[in-house]
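Top line first, the protein sequences correspond to chains A and B. Under the UniProt record's numbering, think of the first position of the first sequence as 1, with each following residue one higher. Under the UniProt record's numbering, think of the first position of the second sequence as 1, with each following residue one higher.
Keeping only pairs whose Cα atoms sit at most 30 Å apart, straight-line, the calculated DSS-like set for lysine-lysine is: (1) B/K138 - B/K115; (2) A/K51 - A/K19; (3) B/K138 - B/K51; (4) A/K115 - B/K51; (5) A/K51 - B/K115; (6) A/K19 - B/K138; (7) A/K138 - A/K115; (8) A/K19 - B/K19; (9) B/K51 - B/K19; (10) A/K138 - B/K19; (11) A/K115 - B/K19; (12) A/K19 - B/K115; (13) A/K138 - A/K51.
Pulled from the structure, derived: some chain B residues nowhere near chain A, Cβ distances all over 12 Å: (14) A5; (15) F20; (16) G24; (17) N45; (18) N66; (19) L68; (20) R70; (21) G72; (22) G76; (23) T78; (24) E98; (25) H100; (26) G101.
Pairwise CB distance ranges, derived in the manner of DEER restraints: (27) B/F20 - A/D46: 18 to 28 Å; (28) B/G121 - A/G24: 14 to 24 Å; (29) B/F16 - A/Y140: 18 to 28 Å; (30) A/A15 - B/T78: 30 to 40 Å; (31) A/D135 - B/D120: 38 to 48 Å.
Rather than coming from a laboratory, the hints here were simulated on the basis of the structure. Glycine included, C-beta positions come from ideal geometry on N, C-alpha and C.
2 protein chains.
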Amino acid sequence: MSTSATTNDREEGLAFRPKFDASGLVTCVATDAATGDVLMVAHMNDEALRKTIESGEAWYFSRSRNALWRKGESSGQTQRVVEMRMDCDQDAIWIRVEQHGAACHTGRHSCFYRKIEAADGGTRVSFVDAERQFDPEKVYRK
Amino acid sequence: MSTSATTNDREEGLAFRPKFDASGLVTCVATDAATGDVLMVAHMNDEALRKTIESGEAWYFSRSRNALWRKGESSGQTQRVVEMRMDCDQDAIWIRVEQHGAACHTGRHSCFYRKIEAADGGTRVSFVDAERQFDPEKVYRK
Chain A
1 MSTSATTNDR
11 EEGLAFRPKF
21 DASGLVTCVA
31 TDAATGDVLM
41 VAHMNDEALR
51 KTIESGEAWY
61 FSRSRNALWR
71 KGESSGQTQR
81 VVEMRMDCDQ
91 DAIWIRVEQH
101 GAACHTGRHS
111 CFYRKIEAAD
121 GGTRVSFVDA
131 ERQFDPEKVY
141 RK
Chain B
1 MSTSATTNDR
11 EEGLAFRPKF
21 DASGLVTCVA
31 TDAATGDVLM
41 VAHMNDEALR
51 KTIESGEAWY
61 FSRSRNALWR
71 KGESSGQTQR
81 VVEMRMDCDQ
91 DAIWIRVEQH
101 GAACHTGRHS
111 CFYRKIEAAD
121 GGTRVSFVDA
131 ERQFDPEKVY
141 RK
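With these hints in hand, go ahead and build the complete structure from the sequences.
In structure tokens:
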């Protein structure tokens, strides 16, 4: 809501000036270009962003491994970027992708294979679209 | 990829145990239930999660204002939750919503109204689906 020149520029301008957090990352949401399903939420640093734009394939930065990572480099489950967008304050990226195989390291199409509902004053979790498309034991240990 | 009991439980279990970051937040992606478009990326703390589940309306936690926030409480642009899911490691939430009006504080349907493409060894940004559905000056200053 700030009307400062900087905010206005970032929100209304056509310059790509990603707003990295203290760890040098932006959040990236990958959706399935065909179905609209959210496949995964991950992070990109400056290099991952650049490589994704240049190559048309999704690159991320792994916080747990502290390393740049081409999606599918171990598993073969690559993502071809169909469209890439940034949000109003430029701290989040949305990529619509053609997912080769499955996005989740558990072997499922999407990382979002569990549904949350209100139930009896509490919360009920259930599986949804949770069939495995590959066996992670086989894919990651070869 | 860890096979520890804890990781396995979090990924394969049916207990809701959100993995909050150092600030007590998880990331939340809201998509349009009708079109699959990503509307916004925001954050939820424990209370925002609970209120969202209980009420069926989206609540967030604003990092800039350091405050719990019912989506639309100032603007009227509320979000009714159609489905809520969590991801494999439980640090991200996906809600499919019926968006009342427009999701972005700039007045646009989605916060993702700019496209990024590779161009001549650099990056080209252009507007896409960027028509305003309300005038933020009027909506937020009344």
